Structure formats: structure tokens, C-alpha cells
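Protein chains: 2
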Amino acid sequence: MNNHSELFWQHYAISRLDRTALLNQEPSVLWFTGLSGAGKTTLANCLAKRLYDGGLLAYVLDGDNLRHGLNRDLDFSVAARHENVRRMAEVASLMYDAGLITLAACISPFKAERDFARSLVPAGKFVEVFVDTPLSLCEQRDNKGLYRRARAGEIVNFTGIDSPFERPVEPEITINTTGRSPGQCIDTIMDYLSRHDLIAAARPGRLTEKTQNA
Amino acid sequence: MNNHSELFWQHYAISRLDRTALLNQEPSVLWFTGLSGAGKTTLANCLAKRLYDGGLLAYVLDGDNLRHGLNRDLDFSVAARHENVRRMAEVASLMYDAGLITLAACISPFKAERDFARSLVPAGKFVEVFVDTPLSLCEQRDNKGLYRRARAGEIVNFTGIDSPFERPVEPEITINTTGRSPGQCIDTIMDYLSRHDLIAAARPGRLTEKTQNA
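If you read the sequences in order, they're chains A and B. Letter 89 of the first sequence, counting from 1, is numbered 76 in the numbering used here, and no numbers are missing. Letter 98 of the second sequence, counting from 1, is numbered 85 in the numbering used here, and no numbers are missing.
Simulated from the structure, these hints should not be mistaken for laboratory data. Since we're looking at a predicted model, the values are computed, not measured. Keep in mind that the hints are not guaranteed to be accurate.
[Claimed, not checked] Think about it this way: if two alpha-carbon atoms lie no more than 35 Å apart in a straight line, the pair counts; the simulated DSBU-like pairs of lysine-lysine are: (1) B:Lys36 - A:Lys36; (2) A:Lys98 - A:Lys131; (3) B:Lys36 - B:Lys131; (4) A:Lys112 - B:Lys36; (5) B:Lys112 - B:Lys98; (6) B:Lys112 - A:Lys36; (7) B:Lys98 - A:Lys112.
[What the hints assert, rightly or not] Simulated coverage check for chain A against chain B, where a stretch passes if three residues somewhere in it have a Cβ under 8 Å from a Cβ of chain B: (8) 38 to 49; (9) 66 to 80; (10) 177 to 186.
By construction, the Cβ of each residue, glycine as well, lies at the ideal position given by its N, Cα and C atoms.
Please construct the entire structure, taking both the sequences and the accompanying hints into account.
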């Protein structure tokens, strides 16, 4: 329906590159994928804090929270879950375009969904972060009580129980959370971002270093 | 469907206020409403440029452009047009939350739609900008050839022709574009934003002034 002849493309006076220059940071999309309870949102939030402390503007898009607003019309049918991920991917690309380091936390169990999200962002600016917490541990935690209900048949199409999770084949980052603190996991991500020029070394740190050397 | 018991609200480590402090600017939503061809997108773009030149981070959300991405599943039926506006309002509120001065350009012909967009943003941070260009002038311009096609019956439910435009009752700003340049219209908006503490007086200007006074 998007080839409707009423559709025009409006050009913008200020581009992403202008915003990048203004913010003095490189926008990117970090896409956290993994089972329910794997720790996606926890890690995204810890990362947002770490980036903020480094003077960087990040924004967390959380699948649960979007369902209270943009995606409130969607239920948990297979089609609606796909649409949920599609919209999150589209919003992530808008946030990217706005200049932000965008942290999307979304089960996104299917490779095609994650590949779609990736397709909306220039190569190298999309970072798939696989939060690889074993099902057994997620189920043991069961913070939201959802696994118990899925096992009891009260929830159907639940990822990991009666709906598949397609493990990422080549994610940029795989986080094994078992026995590691959120801070340690964030170190791994920060290291990746730094090595790939997606963040400069944290600015306050650099300034401190210079001061110390002076 | 949003009261589904699988839904949780995730709390964020970094808040809008933190981002406001980091950016050193007040986020807001400027909602440009008016007929097709009234000049909404032109004004939003000019304003983005003016804000950028003042060192402020703004982002233009354009109805036409969203239909190439987030809203590509929507056609031009009455229900789909409502959904189009609803989603733009939700994305505008996310952009607001992210800390941006968000410029949404969207015909949004119905009061209820605009009131919904307003309801998502704290009082005083939503600025309804009515781009009050007469139908006759919009139709005379007809940049996209849509009025001609609507008159010919090739497009139905076209705002101003066979679908109503409910004029804003108490918009924060009304822009009469007739005989005025975009720059003059932007002056009006900048003046409003400044008087309502939504922007500080443009920073480079202040700096220049200080330099001149020194």
C-alpha cells in the first residue's frame, strides 16, 4: 500500500549528519535480542547509564513499554507479535536518524525480524546484541511469572516454550550473562562500541587523563 | 488489549530530565496541523534549520515520510488515517521523551486526533501550530496535484474537499501564511517558544552579544 500515488517524499533541511555534528556522537542501533527474562532491558538500562555518564545521548526502546503506547492496539497473536517488532525497528531507525544511540530491547525471536531491523540502518551502525541466557535460568528467575503460566498453558505462543527462538547466527555481540554482573556485560559492549568507533572513549575519562598528564 | 496480563512496565535508569540536562534544552512537541499544501512541512523544516543554527536538537516527523516506513501498512481509509495520526502522536511523544524538540507535520484534520497527541505530552510542552492557509490557495498551489485529483473524484475522503478539516479552536499559534515568507512565519514561532521558555534565546546570538558587550 505504500506505493499509493498520494505518497510523496519530503526532504529535510537538516540531516542526520548535521545532528551528528551537533551532538558530537555517532548514532547507532543496539538491538538486544533474547528470551523473556534474559536481561535485555536490564542491560539496555545499565548501558544507557554508562553512556550517559560518558556524556552520550542514548534512548531505550523497550518492547513492554511500547505496548502501552504505540503498540497498544496489538495483541499477542503471531501476526501482531511480528508487527510489534516491525514497528519497533521503524522507530529505532527514526531515533537513529535523530542522532541517538538507540537501545532496543525486544525478544525478536525470528531471524527475519532482526534482519529487517538491521536493514533500516546503514551497515556498521546496527549492533545485534544476543543476550544468551539459557532458558533454564530465565525460567528459574521468571520475574514476571510468565514461564509458569506458559507451562500451565495459560499463555500460548510463548517464546522458548511453545514458540521457537531462532538463535542469532552472527550477532555482533553475544553476552553470556551466567555468573556475570550487568557491569561486566556492559564492559563487553562498551569495548565493542569503542573498537568499532561507535563511541569515542568516554569523554570525561579522556579529560581526566589529560588533566592528569598535564 | 493493552491490559493483557503479560504486560509490564519497565523503568528506566536515565530519565527525560537527565537527557534534558545533558542536552541543555527543553524538549517539546510542535504539532503542525493544516490542509494539504498549507506549508506544514516547509515550516517545520525551516524551523528545524533555525533551531539547529541556535545549537538546538530538533527532529521533523513528516506524515508523508512516515508512510514510507512505520505507517507503510496503512491505506487512506478513514480508520487508517486515524491510525496514521495516532502512531505519529505516539512517536512524537517518544521523541519528546528522548529530549528532542519534535516537529510533527501532519494534516490531522480532527480535533480528537490533535487532542490525543496533546494528551501524551505534559501541559505546556505541546504547541499546536495551525498553519492557516486558505483552501483556495492550497488548491491553487496544488504542488502534489492532489486537489485536482480529488476534484476529479480520483481520490476520496480528501481533507477540505470531501472530508472535513476541523479548524483548531485554541491553537497555541496560528500562522497566516498568506503574503508572508517562511522566515517571517518562523519568527512568529520562535518568538512564542522564547516567550514560553521552550527555548533559550539562541545561544550563538547570546554569545555574540556578550562578546560585543565585553
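Checked hints:
This hinted pair checks out: Lys36 of chain B and Lys36 of chain A have alpha carbons roughly 30 Å apart, not beyond 35 Å. Only pairs whose Cα atoms come within 35 Å are accepted, and Lys98 of chain A paired with Lys131 of chain A is accepted, the gap being roughly 25 Å. Between Lys36 of chain B and Lys131 of chain B, the direct Cα distance comes to roughly 24 Å. Compliance with the 35 Å bound is thereby established for this hinted pair. As the CA atoms of Lys112 of chain A and Lys36 of chain B are separated by approximately 25 Å, the hinted pair is consistent with the 35 Å bound.
Between Lys112 of chain B and Lys98 of chain B, the direct Cα distance comes to roughly 18 Å. Compliance with the 35 Å bound is thereby established for this hinted pair. Simply put, Lys112 of chain B and Lys36 of chain A have alpha-carbon atoms about 25 Å apart, close enough for the 35 Å limit, and the pair holds. Between Lys98 of chain B and Lys112 of chain A, the direct Cα distance comes to roughly 39 Å. Violation of the 35 Å bound is thereby established for this hinted pair. By the rule of at least three residues with a Cβ nearer than 8 Å to a Cβ of chain B, the coverage given for the segment 38 to 49 of chain A holds, with 8 such residues.
Given as covered by chain B, the segment 66 to 80 of chain A passes the check, having 5 residues with a CB less than 8 Å from a CB of that chain where 3 are the minimum. Counting residues of the segment 177 to 186 of chain A whose beta carbon lies closer than 8 Å to any beta carbon of chain B gives 0, which falls below the threshold of three, so the coverage claim is violated.
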